[in-house]
Structure formats: C-alpha cells, structure tokens
Amino acid sequence: MQLYLPIADLPVNVFLVLAMGAAVGFVSGMFGIGGGFLMTPLLIFIGITPAVAVASVASHIAASSFSGALAYWRRRAIDPALASVLLCGGVTGTALGVWTFTQLRALGQLDLMIALSYVVLLTTVGSLMFSEGLRALMRTRRGAMPPRRTHNWIHGLPLKMRFKRSKIYLSVIPVVIVGIVIGFIGAIMGIGGGFILVPIMIYVLRVPTSTVIGTSMVLTLVTMLFATMLHAVTNHLVDAVLALILMVGGVTGAQFGARAGQKIRGEQLRLLLGLLILSVGVRFAIELIIQPADLFTIRELGVTG
Amino acid sequence: MRRALLAALLVLLLGGAARAERLIVSVSNHRVTVTPNYSGEELVLFGSVEKDATTPADRTAYDLVVTVMGPRADMVTRRKERTFGIWINTDYRQFLQVPSYLALFANRPFDRITSPEIARRQQIGLNNVLLTQRVSGDFADVVPNDAFRTAFIRLRTQRGLYREDPSAVTFLTPTLFRTGIPLPAEVPIGTYEVEIKLFANGAFIGKTETAFEIVKVGFEQFVATTARQNGLIYGLVTAAMALMTGWMASIVFRKD
Chain C
1 MQLYLPIADL
11 PVNVFLVLAM
21 GAAVGFVSGM
31 FGIGGGFLMT
41 PLLIFIGITP
51 AVAVASVASH
61 IAASSFSGAL
71 AYWRRRAIDP
81 ALASVLLCGG
91 VTGTALGVWT
101 FTQLRALGQL
111 DLMIALSYVV
121 LLTTVGSLMF
131 SEGLRALMRT
141 RRGAMPPRRT
151 HNWIHGLPLK
161 MRFKRSKIYL
171 SVIPVVIVGI
181 VIGFIGAIMG
191 IGGGFILVPI
201 MIYVLRVPTS
211 TVIGTSMVLT
221 LVTMLFATML
231 HAVTNHLVDA
241 VLALILMVGG
251 VTGAQFGARA
261 GQKIRGEQLR
271 LLLGLLILSV
281 GVRFAIELII
291 QPADLFTIRE
301 LGVTG
Chain Y
306 MRRALLAALL
316 VLLLGGAARA
326 ERLIVSVSNH
336 RVTVTPNYSG
346 EELVLFGSVE
356 KDATTPADRT
366 AYDLVVTVMG
376 PRADMVTRRK
386 ERTFGIWINT
396 DYRQFLQVPS
406 YLALFANRPF
416 DRITSPEIAR
426 RQQIGLNNVL
436 LTQRVSGDFA
446 DVVPNDAFRT
456 AFIRLRTQRG
466 LYREDPSAVT
476 FLTPTLFRTG
486 IPLPAEVPIG
496 TYEVEIKLFA
506 NGAFIGKTET
516 AFEIVKVGFE
526 QFVATTARQN
536 GLIYGLVTAA
546 MALMTGWMAS
556 IVFRKD
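Same order as they appear, the protein sequences are chains C and Y. Residue 1 is where the first sequence starts when you use the working numbering, and the numbers rise one by one after that. Residue 306 is where the second sequence starts when you use the working numbering, and the numbers rise one by one after that.
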C-alpha cells in the first residue's frame with residue numbers, strides 16, 4: 001500500500017516502513033538502545049533526504065525510549081538524580097550541536113562530516129564493544145573471576161554528589177560532560193546516543209547495571225524531544241506521518257526485542273551489538289573509500305516557483 | 306503621426322501573416338491532486354492546428370514540439386574526487402532557477418524538425434534548453450557537453466524528472482494531435498507551464514501556452530501547511546504523539 005509523505009514529498013510503501021520500524025525496534029529493545037544509528041541510514045537508503053530522515057527519526061526514538069523508560073520506572077530502575085544531572089549537560093549539548101550543524105551546512109561539508117563521524121564513532125565504539133564482549137566471553141569460558149572494579153581518576157574529582165538509587169558517590173563534572181558530549185553527537189548525527197552512553201556510564205562512571213539503561217533512556221527521551229522541537233521550529237523538516245509509522249512499528253518491535261534480549265547472556269549481547277555497530281561503521285567507511293557509482297550528485301535548494 | 310500609424314499597421318499585418326495558423330490545445334486535467342495513494346499519473350495534451358485564409362495552400366505537414374516545465378528551483382550539482390584516500394565533494398556548480406520537471410516531446414526527431422540554429426534559439430531538445438549556471442560570479446549557460454550540465458541532465462533523467470521523447474506526439478489527422486505527459490510519483494508540487502511550438506518545413510511558425518498545477522489536498526496539504534506555518538504547534542503535536550505512542554505501547558505490552 002502506497003502512502004504519500006507530506007513533508008518528505010514522496011510516496012512510500014507503508015508496510016516497508018512499518019517493517020523497518022519493527023526491525024530497528026526489535027534491535028533497540030534487545031540491546032536497550034534507541035536505534036537511531038540504524039534507522040537514519042535506512043531511511044536515507046529508501047530515498048528520504050538526510051535532513052528529513054534525521055528530523056523524523058528524533059521523534060521515533062523519543063517514542064521508543066518513552067515506552068522503555070516507563071517500563072524501567074515501574075521496576076524502579078531509573079535514578080532520577082543522575083538523570084537530571086545528565087540532562088543539564090544533554091540539553092546544552094543538543095543546542096550546541098544544532099548550532100554546529102547550521103555552521104557546517106553553511107560551509108557545504110555537512111554530509112562529509114556526518115559520514116566521517118559515523119565512521120570514526122561507530123568503528124571505534126563497535127570494535128571496543130566487540131573485543132570487550134569477546135574477552136568477557138572467554139573469561140566465563142575459562143571460569144575466571146571478572147577483574148575487580150577499581151576507582152579511577154574520575155572518582156577523585158570535586159563537587160561530589162550522592163546518587164541514592166544507583167548507590168554511587170560521584171562528582172557531577174564528568175556526568176555533565178558526558179551529557180554534553182552525547183547531546184552534541186546526537187544533534188549532529190541524528191542518533192539518540194544510547195549505544196555510546198551506556199558503555200561510558202558503565203565503564204567510566206561506574207554506574208551499576210541495574211540503573212544504567214533506564215537512566216540513559218531518560219536522557220535519550222528528553223534530548224530527542226528537544227531535537228524534534230528544534231527541527232520542527234527551525235527547519236520544518238519533521239514528517240509526522242513518517243514518524244507515526246516508524247513509532248508504531250518501532251514500539252511493537254521493541255517489545256519482542258526486549259523479550260528476546262532477556263534470553264541471551266550479557267556478554268553475547270554486547271558481542272552482537274558491537275558487531276552490528278561495527279558493520280554500520282564499516283559500511284560508511286566503504287562508501288567513502290571505494291569509487292562511487294556516480295561522481296555527481298544533485299541537491300535541490302528549495303522550490304521557489 | 307501618419308508614419309507611426311503606418312508602422313503599427315504594418316506590424317499588425319505582418320503579425321497576422323506570421324500567425325497564419327492557430328493552435329488550440331487543452332490538457333486532460335488542469336489540477337492534479339496529490340492524495341495519500343498518489344503514485345504518479347499521466348496527463349493527456351490534445352489540440353489542433355487551425356488554418357485560416359492567409360495560410361499558404363502548400364503548407365500541409367506540420368511538426369510540433371511540446372515543452373513541459375515544472376516549478377523552478379535552485380539546485381547544486383557536486384562532483385566527488387578522491388582526496389586523502391576518500392571520496393569527497395570538491396567541485397560544485399549552482400544551477401539557478403532551473404525547471405524541477407522538464408519534458409520535451411515531438412512528433413519526430415528534433416534534428417529533422419528544424420535547423421540546429423532555430424533549435425538552439427527555440428530551446429528544442431534537452432541540449433538546447435537554457436540551464437543557467439553561476440560560473441564564478443557570472444550567470445550563463447555553458448556548452449551542452451559541459452561535465453556538470455551533462456551529469457545534471459543525466460541524474461534528473463534517471464529520476465524521470467527530465468525527459469525527451471521525439472516520438473511522443475502523434476498526429477491523429479494532419480491537424481489534430483495528442484501527447485501524453487507522464488508525471489512520476491516524486492513529481493514536484495507547483496505550477497507547470499506547457500509550451501507548444503509549431504513548425505512547418507523547418508520554420509518556426511507559432512506557439513501557444515497552457516498550464517496545469519499539481520497540488521496537495523486534504524490531509525497532506527494540512528500537514529504540510531501546518532509544518533511550515535505553525536512550526537511550534539506542529540513540533541509540540543509530534544512530540545505529544547511520540548509520548549502517546551510510547552505510553553500506549555507500554556500499556557498494551559505490560560507484562561504484569
């Protein structure tokens with residue numbers, strides 16, 4: 001069934017978009033991430049302009065992270081104090097990111113910057129996660145104990161605060177910085193950033209796994225709602241019809257993904273996610289390295305007639 | 306005074322003589338509506354060549370060139386080059402106010418209808434249509450085999466937005482003709498100008514114009530206008546919709 005998208009200005013097959021939403025939703029539910037890094041490239045692939053894709057995916061991620069956050073809230077797996085400190089940084093970072101986005105677009109190299117940051121970020125995070133998952137898997141095979149968690153220099157910073165639900169005593173400085181970085185990256189790349197935030201919170205901030213996913217979902221939810229608003233007000237690029245189809249597919253897929261995720265062991269899950277992120281990064285890298293089929297591209301600067 | 310009057314009369318006479326034939330045309334639909342299930346359409350243009358008393362008796366065979374031009378827009382064509390091992394956009398050309406949709410139809414190959422000179426002047430064929438570029442601060446069209454111009458036309462043609470078909474116009478009788486105007490699914494919204502140029506024995510003898518528009522209606526129109534005019538409300542509604550969907554899902558799929 002064909003449906004005409006009012007903002008993207010092109011007809012799409014409803015079932016195709018629904019299936020894409022469900023597939024990405026499944027992955028996001030399984031790993032507890034937003035899935036923006038998969039959704040945005042997929043939409044661009046079916047012919048939606050990058051700008052509309054980035055703007056519409058933001059509201060899709062907001063929907064799936066809200067349903068996730070509600071579930072974690074009921075299980076008391078969200079640390080409200082930690083979430084609010086993260087948000088202070090997140091909102092600042094998003095605003096900074098949107099500003100940078102505009103500057104880059106004026107320079108005419110936005111597409112290249114997006115592709116490069118996808119390559120650098122996804123290959124780095126993906127290979128780190130993959131190798132970490134592999135090591136953890138080997139450790140459990142050998143039956144060895146996981147290495148003891150040690151405090152690092154981050155825990156020596158001033159302005160300490162007690163986060164009761166996470167049972168950690170931590171300086172607010174690294175938390176705000178992490179929020180800024182995630183907000184900034186998210187605004188430029190059109191991703192929620194959950195797949196970077198969760199490892200940072202676990203390995204750098206030493207947030208216990210019981211509250212990490214729920215809290216990161218709160219940050220994703222608020223930054224993505226903020227991004228939706230910014231895109232709607234400044235660029236008028238949010239396609240609500242497209243977003244709605246993606247949301248319906250996404251939240252449904254996420255439920256099944258979450259159930260599937262519970263059946264897989266943590267290390268294997270990290271290994272799989274690392275592999276997935278790495279392959280998206282490599283795909284972007286290949287696109288930059290091999291000679292494109294067509295050296296020329298056209299971009300419309302808006303109909304004025 | 307008398308001389309001016311004479312001149313005016315002369316112009317009128319000559320004009321009348323030049324317009325010995327009259328073209329009467331119409332399109333099957335002057336208002337194409339884009340609805341939720343829109344997936345492309347084909348319009349039909351039909352018309353006839355009306356002769357009058359001043360038409361030379363030996364003029365029987367006519368040739369027609371139909372030009373359809375969509376709303377104009379500025380576009381940028383970029384070329385990728387390998388720099389530091391990766392392919393990045395290096396050079397670009399700006400095309401100013403070029404048609405977003407362009408179709409040229411004729412009843413036989415353009416080069417057999419008229420001379421290259423007239424074809425260039427009357428913009429017959431994709432190679433002769435004026436596509437203004439900004440070349441280092443100057444505004445001009447370039448030679449037809451320019452790399453950026455060729456790539457631009459090729460890419461637009463691939464998307465079905467630029468086309469030329471020298472056999473699309475059919476003469477049903479020596480003076481009655483018709484042609485189809487295919488509109489692809491991703492056709493730009495706006496006003497389309499249709500120019501019909503008449504040739505006889507290689508000479509350009511007249512033209513007429515008509516137009517049609519492509520509009521979004523109903524829900525599509527409503528969403529598009531709201532997004533443009535009330536960005537804040539639109540954003541709030543979209544955000545609320547996201548929250549609603551997420552909340553509904555968490556209720557529907559609640560496990561306990």
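Everything labelled a hint here was simulated from the structure, so no lab data went into it. It cannot be assumed that every hint is accurate.
Pairwise CB distance ranges (calculated) [claimed, not checked]:
no.: 1; chain 1: C; residue 1: A293; chain 2: Y; residue 2: F351; range: 21 to 27 Å
no.: 2; chain 1: Y; residue 1: T338; chain 2: C; residue 2: L104; range: 34 to 40 Å
no.: 3; chain 1: Y; residue 1: T496; chain 2: C; residue 2: W99; range: 32 to 38 Å
Beta carbons: idealized from backbone N, C-alpha and C, even for Gly.
Hint by hint, here is what the structure shows:
1. C:A293 / Y:F351: 21 to 27 Å: 40 Å, violated
2. Y:T338 / C:L104: 34 to 40 Å: 38 Å, holds
3. Y:T496 / C:W99: 32 to 38 Å: 37 Å, holds
The structure does not agree with numbered hint 1 stated previously, though it agrees with all others.
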